[in-house]
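Given the sequences, and given the hints that come with them, work out the whole structure.
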Amino acid sequence: MASLNMIQALNQALDVKMTQDPNVLSFGEDAGYFGGVFRVTDQLQAKHGLTRSFDAPISECGIVAAAIGMGVYGIRPVVEIQFADYIYPAYDQIVSEAAKIRYRSGGEFSVPITIRSPYGGGIFGGQTHSQSPESLFTHIAGIKTVIPSNPYDAKGLLISAIEDNDPVVFFEPKRIYNGPFDGHHDRPVKPWAGHELAEVPEGHYAIPLGKARTMREGNDVTVLCYGTMVWVSLAAAEDTGIDAEVIDLRSLVPLDIEAIEASVKKTGRCVIVHEAPRTSGYGAELSALVQERCFYQLEAPIQRVTGWDTPYPHAFEWEYFPGPKRVGDALKRVMEG
Amino acid sequence: MASLNMIQALNQALDVKMTQDPNVLSFGEDAGYFGGVFRVTDQLQAKHGLTRSFDAPISECGIVAAAIGMGVYGIRPVVEIQFADYIYPAYDQIVSEAAKIRYRSGGEFSVPITIRSPYGGGIFGGQTHSQSPESLFTHIAGIKTVIPSNPYDAKGLLISAIEDNDPVVFFEPKRIYNGPFDGHHDRPVKPWAGHELAEVPEGHYAIPLGKARTMREGNDVTVLCYGTMVWVSLAAAEDTGIDAEVIDLRSLVPLDIEAIEASVKKTGRCVIVHEAPRTSGYGAELSALVQERCFYQLEAPIQRVTGWDTPYPHAFEWEYFPGPKRVGDALKRVMEG
Amino acid sequence: MKNTVPLSLRVPEPPARPGDKPDFSHLILQAAGETPRPEINVDPHDSRDMAFALVRVLDDEGKAIGPWNPRLDAETLRKGLTDMILVRTFDERMHRAHRQGKTSFYMKCTGEEAIACAQAQVLNRDDMCFPTYRQQGLLVSRGYPLATMMNQIYSNAKDPIKGRQLPIMYSSKEFGFFTISGNLGTQYPQAVGWAMASAYKGGDKIAAAWIGDGATAEGDFHNALTFAAVYRAPVILNIVNNHWAISSFHGIAGGMETTFASKAIGYGLPVLRVDGNDFLAVHAATQWAADRARSNLGATVIEFITYRIAQHSTSDDPSRYRPADEADHFPLGDPIQRLKQHLIGIGEWSDEQQAEAEKAAVEQVREAGKESEAIGTIGQSRPSVKEMFEEVFATPDWRLQEQRGEVGV
Amino acid sequence: MKNTVPLSLRVPEPPARPGDKPDFSHLILQAAGETPRPEINVDPHDSRDMAFALVRVLDDEGKAIGPWNPRLDAETLRKGLTDMILVRTFDERMHRAHRQGKTSFYMKCTGEEAIACAQAQVLNRDDMCFPTYRQQGLLVSRGYPLATMMNQIYSNAKDPIKGRQLPIMYSSKEFGFFTISGNLGTQYPQAVGWAMASAYKGGDKIAAAWIGDGATAEGDFHNALTFAAVYRAPVILNIVNNHWAISSFHGIAGGMETTFASKAIGYGLPVLRVDGNDFLAVHAATQWAADRARSNLGATVIEFITYRIAQHSTSDDPSRYRPADEADHFPLGDPIQRLKQHLIGIGEWSDEQQAEAEKAAVEQVREAGKESEAIGTIGQSRPSVKEMFEEVFATPDWRLQEQRGEVGV
Ligand SMILES: Cc1ncc(C[n+]2csc(CCOP(=O)(O)OP(=O)(O)O)c2C)c(N)n1
Ligand SMILES: Cc1ncc(C[n+]2csc(CCOP(=O)(O)OP(=O)(O)O)c2C)c(N)n1
Ligand SMILES: [Mg+2]
Ligand SMILES: [Mg+2]
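Residue numbers (this note's numbering), protein chains in the order written: chain A, 1 to 337; chain B, 1001 to 1337; chain C, 2001 to 2409; chain D, 3001 to 3409.
I should point out that these hints are in silico values taken from the structure, not numbers from a laboratory. A virtual CB, placed ideally from N, CA and C, is assigned to each residue, including glycine. The reader is advised that the hints may include incorrect statements.
Using 25 Å as the maximum straight-line C-alpha spacing, the simulated PhoX-like pairs for lysine-lysine come out as follows [said to hold, decoys possible]:
id : chain 1 : residue 1 : chain 2 : residue 2
1  : B       : 1325      : C       : 2021
2  : D       : 3201      : B       : 1047
3  : A       : 325       : D       : 3386
4  : C       : 2370      : C       : 2359
5  : B       : 1190      : B       : 1325
6  : B       : 1047      : C       : 2021
7  : A       : 47        : C       : 2201
8  : A       : 47        : D       : 3021
Covered by chain A, according to a simulated footprint, are these stretches of chain B (three or more residues, beta-carbon under 8 Å) [claimed, not checked]:
id : segment
9  : 1128-1136
10 : 1271-1280
Listed below in structure tokens is the structure:
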């Protein structure tokens, strides 16, 4: 079994589906001949042909609208939004159209499309190459939101997203494309090579949407996280020696509420970690759900470790990015609470 | 002092500011000669001239972008988005531009604009005339979000929004434009006439953004709400006889956290009410904040009474709309908890 | 350099407001037969003038003349006429139904019937239409049951879209009629995507989309034309210029600066500017565009010049913003009268037949009304409340199941 | 009707990929002097051909000829030349700085210097420019301190925008340079709004905006032209067609279907298509547009034909998607060489002066570099961390104060 990084794993998911299903095609800005600025669609045009992996005009709105029309026709486009920070021009087509077409047509029309986009910080990308807009999609009925944290999941989840009959927004944590960055930016970067979750089987496999993955079992506190923050949270548990149960949600909608409830009822404590600004981030929903369902088991206030309520600042990457230190402090606070 | 409905009060706020400040102007779809589909800008063109209150092309994105450019120039445009359901094409200009220009320019440029838009349900408007997208704006650093619940506040808050030096999204609960609808749709509609909060002083007055209003003092439970839900919540307290403290937030960002904390610490219980879908609605943020700050005073799980996680359905208005019955049930649950 | 004059902001105003004399002198017109008919494989650069011409077939006497005459047989023309009569009768009836409190909302297409009714004859049933709320003629012409349209309007138990949408937001996959969106313009680039998929699959179906003069200002109009041109999508992009967008005249969308048709030039797309109240011209222009699409030559933009005779919707009152008699001065007349005049002129129709057709239409609508009202009008009957929670996703997640439980359905 | 051929999806491809022979035969060219110069009050409908013509002043021998010759004095021309030399020198230096790890990112405008440098001479200092990331020439020509540009690029303690933005996202109100956005196209309709405000106030300032060929596909391009036409805004809307958008050739934005200039026709806006590597043509065309705006005649669209010689940014490698020698085959040459040739031709410049100017530029940049690097390059020096929390709003709310407390600044 090959050891792949996340880019290769995602590329393989697309290749597998395009090989298997002539109705799957891919397009986006610089995603055709060039293979995407992060190379996720590399070689797909050479292998599958010009009309199955092609470049698109710089119009995120047009890209998603065209994909919706294709989905309505009955094929399964996978589109790339070059950075999540540029998804907003497409927001109306996603919220008003993709999310509502099945419902408003009484089930006659549907939109089986996947919208891929690199997201998140930690790369000195400044305010327009670092954003984490996931909660702007979790609020929208009719949209699924998926975020992998490793190569194995990335391939299996992307295959499920493509096979799903509803629109899926698939955010790729670009900071961990090449290795499980844990927020210790002062240490040498680990590559995926050799990591057990980089062992990616050839061919087709699907990971169901809505099933979380327990990355670390623990009894003291439950940590809810996704994307890059999974590795930061694991590092924080490591650094503090607190016996945290680290849960990688993998999919925010649908959400694996059983796994969350079971874990918090076991530990009695909860810390939520994400990169997006705190106010109305997905951590707010998770916090509300946990206190609604585990109120009588909670021994301390749920803690949120998040990005600040500011735009993403270029020169203050590590003060903004929720690193292992900040997560560790929250783990300690919640244990004292 | 005249008794005005909310439309007249908002119209007066615009009239006062346009009379006072030549840099204030208003535009939007059908908002000029015709005075807006809800008549909020009625007569402003006749009184202040063609270039101070005019019609705009049907491009919400263009309307907001033009307003941003005007704000950067140094004037104070107030634009109308005909329905909040149509604000999404402008989302990129609001999120990527209006919200970030002061910050990214090191404070050199700013965007003192007001984006008015009728929002909310209860009018059989179906999925594109009933939405409550407020939490899509509270998540965005750099945007203020204001929602009045009565004519007096509507005028004072809109004047503050126009005078504010940052972009303000001002959502007008269209269901209560003409009267304090309390969700008892089977009863005759009350008009504003005669209501004490319809007593609107002539001329200029401002209500600071970020100050909540306690609509009803109570000791048993704190109800956090805004817009139409203020009246529904008051009715629920009435109907159940539960001694609820009903707090009208008036502004979601900035938020009056002191008022919330003080009240919940007093009552030990909290119910949050809004029309928007539950998942990642503003209620999630409020719930998270309350449990973070009042954890040790809480005697029961915080309850959220909200719209469902579906598009707004035309034929099921009163099953979707959070009415006094549903709020009342939550009040009872939280008292038992 | 300093300014020669101080700057001033220009805000366009319509030639006439309530009380003023209507004025259509700004409208670029041409006599029937004057505009040439290019080959369908014409180089768009050689046909730019079409954006400023006007395709017309029926002259003032109702004679069909010139190169665009589609030479339709009488049967086809009579169907077109009776379809238009039926649409108008249906609109009248449903408008009354609103006043009677049977529906919360309605929108007529009075004066614009020729567009959808003629285009429905050109398009195949399995071509996909991405309409606005003023193309009910597509459904009527294709024989979609009037009672089913009413069931949707009444959101009653037989509403095919299960009470989820405002009245008139029809959807019918079987009739090639894409679910109408309440959001303007969004369907335009979607139609291009659908057409791209059809081309990608090497199929033979084409798409057609409609947009109003006002909505051309939305970014999605630009997105649609860009993608249609770049990928040479087999789609017909119709602009229905009825001169008003609720209370805003077409000049607020740029209609006083140039023709809407001319927007196609900047994308290298061929375009036709057509008399939208001339059934034969609409038919011929649509056939030309459809032939191009089916011949893999790509997209065509068509601007139809027409006039919105009725109020925007039942929530609107045009007397507040335009002259009450403006419609009477619209130089392109009424599509039903013009086709009737033509048919009578060629001896294929008579005033008696017209009277009968109108009676028949009233009868047909009454029958449908009976059938639909027997199920119920707004509030009397509706789909099961559980429909509120169905089909948000293909399969509901736990949230929807729990919330459905809270409602107890 | 059934299809005559099965449909197929067309995806445009550039004439040449790596290894192929470069080919610009698709480019519509005209000889210098050929294109007429309309009066500034020309009716846009009578000047549509300008969208397919090419405004050029410098002929192949570097002689200035024809109706568009701005007849600039030698001083102005020499400043233009030395400005362009300085921009190119600055770009080279900062590109090296990136390789040396002094900055995380950089973008050059190599080959496009004439556009910003000539336009800066026409626009007044208090006109507002809404640039993209390739108009650094505006700042350089207006005398903005190079060291301050570097401070921004290094996000050091003297960065005027306080470390909040990516390198090269300059902002200077004093120099009429609007804060560059990382989001493409957004500035285009904002410039129109700014111009509307200037007109509303009866002032005399005009706005100018720039957009790339690729970004014209964004909806904001359409929004800008619609609002500019409808409200007759005093704005110059520049399209910089450098033939590439990262790895996508202009055809992906529709550049093979027609000219980008022709998009103006659909809004009734006057347009010029200009040799962007001809300093005199850029100057003259911009003057024509500025005169129109200042005369309250409204907006002008200008397409500048140029070529992106360098990689898109320091993150890009063009050898993967286009011929390495494509730039050498670009028919409009290099703007610096062409203006130099002209100045020498009229006896106002020499190879010696050129050599000196280049030396002087290197010196000037080195001096600035010293000054800025003394403060620090990326990582060595930066603004106070509290700047992370400042100016989100005019006054911070409790959340920002609490969060700032958490960071302890
Ligand atoms: C995105 C969006 N903005 C605004 C509206 C409100 N609205 C509904 S119809 C209409 C006017 C449309 O005019 P036009 O495009 O000319 O079509 P017509 O009604 O004349 O057929 C407006 C502004 C909407 N439905 N969607
Ligand atoms: C909204 C948005 N989408 C995508 C990008 C990513 N991006 C940055 S530059 C660029 C290419 C722009 O090409 P063009 O407009 O021709 O300008 P040029 O770089 O050639 O000057 C792209 C796709 C972005 N910055 N913003
Ligand atoms: Mg119209
Ligand atoms: Mg370019």
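Structure-based check of all given hints:
1. For the hint linking residue 1325(B) to residue 2021(C), the alpha-carbon distance of about 55 Å lies beyond 25 Å, and the restraint is violated.
2. Between residue 3201(D) and residue 1047(B) the alpha-carbon distance is near 18 Å, which keeps this suggested pair within the 25 Å criterion.
3. A distance of roughly 19 Å separates the Cα atoms of residue 325(A) and residue 3386(D); the hinted pair therefore holds under the 25 Å criterion.
4. Only pairs whose Cα atoms come within 25 Å are accepted, and residue 2370(C) paired with residue 2359(C) is accepted, the gap being roughly 16 Å.
5. For the given pair, residue 1190(B) sits about 19 Å from residue 1325(B) by alpha-carbon distance, which is consistent with the 25 Å threshold.
6. Under the criterion of a C-alpha separation no larger than 25 Å, the hint pairing residue 1047(B) with residue 2021(C) is consistent with the structure, at around 24 Å.
7. For the suggested pair residue 47(A) and residue 2201(C), the alpha carbons sit about 18 Å apart, so the restraint of at most 25 Å is met.
8. Between residue 47(A) and residue 3021(D) the alpha-carbon distance is near 24 Å, which keeps this suggested pair within the 25 Å criterion.
9. As drawn, the segment 1128-1136 of chain B meets chain A at 3 residues by the rule of a beta-carbon pair under 8 Å; at three or more, the given contact holds.
10. With a threshold of 8 Å between beta carbons, the proposed coverage of the segment 1271-1280 of chain B by chain A holds, since 4 of its residues qualify and at least three are required.
When the structure is compared with the earlier hints, a violation turns up for hint 1 alone.
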